[in-house]
Amino acid sequence: MSITAPEPVAPPRRPGRRMSRAAQRSRSLVLVPPEGVPLHLSIPTLGARIGAQIIDLIITGLLTAALVYALVFVEVIPGEAVVALTSLVSLLAGTPLYILFELLMNGRTPGKRLLGIRVVSLDGTGLTTHQVVVRNLLKEVEVLVPIQVLPAVFVGSPLAFVVLAWTIAVVVVVWRSRAHQRIGDFAANTVVVEQPSAELQPDLAMVSETAAEEAVVETAERYVFTTGQLDLYGAYELQVLEKLLRTKTPAPGEPPSQALLDVTASIRRKIEYPDPVPDAEAADFLLAFYRAQRAFLEQKKLFGEARDDKFHRDAAAGEAAGAPIRPGAATDPVISNADKERQR
Amino acid sequence: MSTAPNLLRSSRFRAEREADWRRLEELIVAAEKRGVGSLGFRQAQELVALYRQAAAALSVAREISLDVGPVAYLESLSARAYLIVYAPRVSLGGVLSRFFAQGAPQAMRRSGLAVAVAFIGLIFGGLLAFAAVSADPTWYHSLVPAELAGGRGPEAAAETLRRALYDEDPGSLGTLGAFATSLFSHNTQVALFSFALGVVVCVPTMLLSVYNGAVMGAFFAIHAQKGLAFDLFAWLSIHGVTELSAIAIAMAGGLKLGHAVLFPGFETRGEALRHAARDATKLAVVAALMLFAAGVLEGFGRQLVTNPYARLAVGWGVGLLWLSWFVLAGRGEAEGDRDGPGEAP
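Which chain is which? The protein sequence lines are A and B, in order.
So in our numbering, spot 189 of the first sequence is number 189, and the numbers just go up one at a time.
So in our numbering, spot 9 of the second sequence is number 9, and the numbers just go up one at a time.
FYI, nobody ran anything at the bench for these hints, they're computed from the structure.
Warning: the hint list may mix true and false statements.
Claimed, not checked - Simulated restraints, written as ranges between beta carbons of each label pair:
no. : chain 1 : residue 1 : chain 2 : residue 2 : range
1   : A       : Gln299    : B       : Phe266    : 47 to 55 Å
2   : A       : Ala198    : B       : Glu63     : 17 to 25 Å
3   : A       : Pro250    : B       : Ile64     : 25 to 33 Å
4   : A       : Ala280    : B       : Glu32     : 22 to 30 Å
5   : A       : Val153    : B       : Ile64     : 58 to 66 Å
6   : B       : Gly37     : A       : Gly304    : 45 to 53 Å
What the hints assert, rightly or not - Covered stretches of chain B, going by a simulated chain A footprint (3 or more residues, C-beta under 8 Å):
no. : segment
7   : 62-72
8   : 281-291
Said to hold, decoys possible - A short list of chain B residues far from chain A (calculated; beta carbon distances all over 12 Å):
no. : residue
9   : Leu83
10  : Pro308
11  : Trp325
Since this is a predicted model, take the numbers as computed values, not measurements.
Ideal placement from N, C-alpha and C gives every residue a C-beta, glycine not left out.
Taking the hints into account, I'd like the entire structure generated from these sequences.
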């Protein structure tokens, strides 16, 4: 089981703030189910965790208030007993209720469900009752006790300051742990992840057989690339191009965006494509190039040569020389970088 | 280099399986919305088979597919299906009956020694404080915190003490009621801390155990001087048997954790702690249940039952019930109780 936060490749020290925020956004966790295929789940932000807890507190608070009010209203309980009754009911509406929710809703409480997060077991099997009980019993100590005691800091109670120190420790643990686990998560070997969701996007390399797109097929097939022209880029560039085509392809009849034209120009320059490409056909050109490049790279991969990015030749040469060279700029958008590369 | 349409290996791979993925997505959406229970037998079977296929397809797609779309989709599809297939399939009744019939009593019997140690700490503290306060009543104030004493001390008259023990007005929560509530929450805190602080190599737990015994002993000492020892014993018995046992059990849970940290054996400390936590958690839940029962006994029983013999009978009777649960339940069943599906004992 491993928790990965992508680390900067080349220089270990980068300008702090932006980098750490980017790292935080892409925090992910590898879970290996019994099937043995690792699944990458993303870690929610602390905001989502806190938000879910607040929603849960509001729900249990309302429940408690409604129950106590109803009992007092029908005069089952004398008015003086309200304090004792409230503490009793809120005791029941706290940890036991959370345990119940997480057991019956498969690792979710109402708040977690609303914010799209859930608890999973780190060992790759289902959550067990023991895990749910442990993480929620410790939640009582980590979250609920501080909430009740901390207001006493303002009256200067010494116990409250001890609890304050404890709360700070709890927050630091959650904040510093890579998957934002709290102590209860560590004890129960669980982690809170985002509910996964993704749509299947259409395959760009798939040529549709409907009549409407036949015109596109024809234009796309007009562009033919040589092996030398396809030899430059790797999988990373291909995927950047894929993303660009998915987001920037103009609707039929509309002029292509400037980004598309820029990329077309720099690719043409880089691969030394001889024929002119009219602006209106920039998207078709790129699509044709994408298909050809993907077919080429897949074939290479089939024969055992995986090309990660455009530096594949440097890497191959470096490995041959015994000193692997790892380019540092691999995270920059590569196609716009193509010019710099050329000037070197 | 020609781009023959639809001949890309990854495209064909995707086209062949896409219908299955869509079907799996339908089943997942249905299960997420209305629960796995809403699926029929065939559908559930289909879901599992399709999940295995999707996981295998993900594995292949990662290797051969150069477009991110299907890989990202399969990743999330498999994860969603995994979360449904490997959900805790427990029913509330099942969890509760297993806990009461096997888990809790077996854990209690495994932790007999720790419970005994916690009780010894309580009794030791009690005897110590009883002797100290009997010899010199001023010890009382340094042992019992003022808010717990509720105005009762060595200087209080015997009549005041007696009136506090036999509250004549059962319905209202008078001074004694307030004290009972505060004692209830005080003891809950003690139980909580002695459990949680057990991790720190047992020391705080043992200190709390001795100290709590001392409070009790000091209390007894001042009542004994006024000839009210038996009445106090009866007053405390009705809920105290349950409540003190609960505290001792919580302490035993803490001691188990501390023991795992001190003597991890052949495991790492983390593993030993996790292992010990299996029983310790059950002890904590038992303690919480008993504290709750004690609170109920305290809130209602003590005000309603004012005869000292009846108080004794109720208190020790309930104590006997707890004991017989711990000693008798869950015998003959397979040891190594299982908490849920797919879990190592």
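Structure-based check of each hint:
The given range of 47 to 55 Å is respected by A/Gln299 and B/Phe266, whose C-beta atoms sit roughly 53 Å from each other. A hinted range of 17 to 25 Å holds for the C-beta pair A/Ala198 and B/Glu63, which are about 19 Å apart. At roughly 31 Å, the beta-carbon separation of A/Pro250 and B/Ile64 lies within the given 25 to 33 Å, and the hint holds. In this structure, A/Ala280 and B/Glu32 break the distance hint of 22 to 30 Å, their C-beta atoms being roughly 44 Å apart.
Against the hinted window of 58 to 66 Å, the Cβ-Cβ separation of A/Val153 and B/Ile64 comes to about 59 Å, which satisfies the hint. A C-beta distance of roughly 48 Å is found between B/Gly37 and A/Gly304, which places it inside the suggested range of 45 to 53 Å. With 7 residues carrying a beta carbon less than 8 Å from a beta carbon of chain A, the segment 62-72 of chain B meets the three-residue requirement, and the given coverage holds. Under the rule that three or more residues need a Cβ within less than 8 Å of chain A, the assignment of the segment 281-291 of chain B holds, with 3 such residues.
Distance to chain A contradicts B/Leu83 as a non-interface residue, since its nearest Cβ pair spans about 7 Å, not more than 12 Å. Against the 12 Å criterion, B/Pro308 stays outside the reach of chain A, whose nearest CB is about 25 Å from its own CB. For B/Trp325, the condition that its CB be more than 12 Å from all CB atoms of chain A holds, with the nearest at approximately 19 Å.
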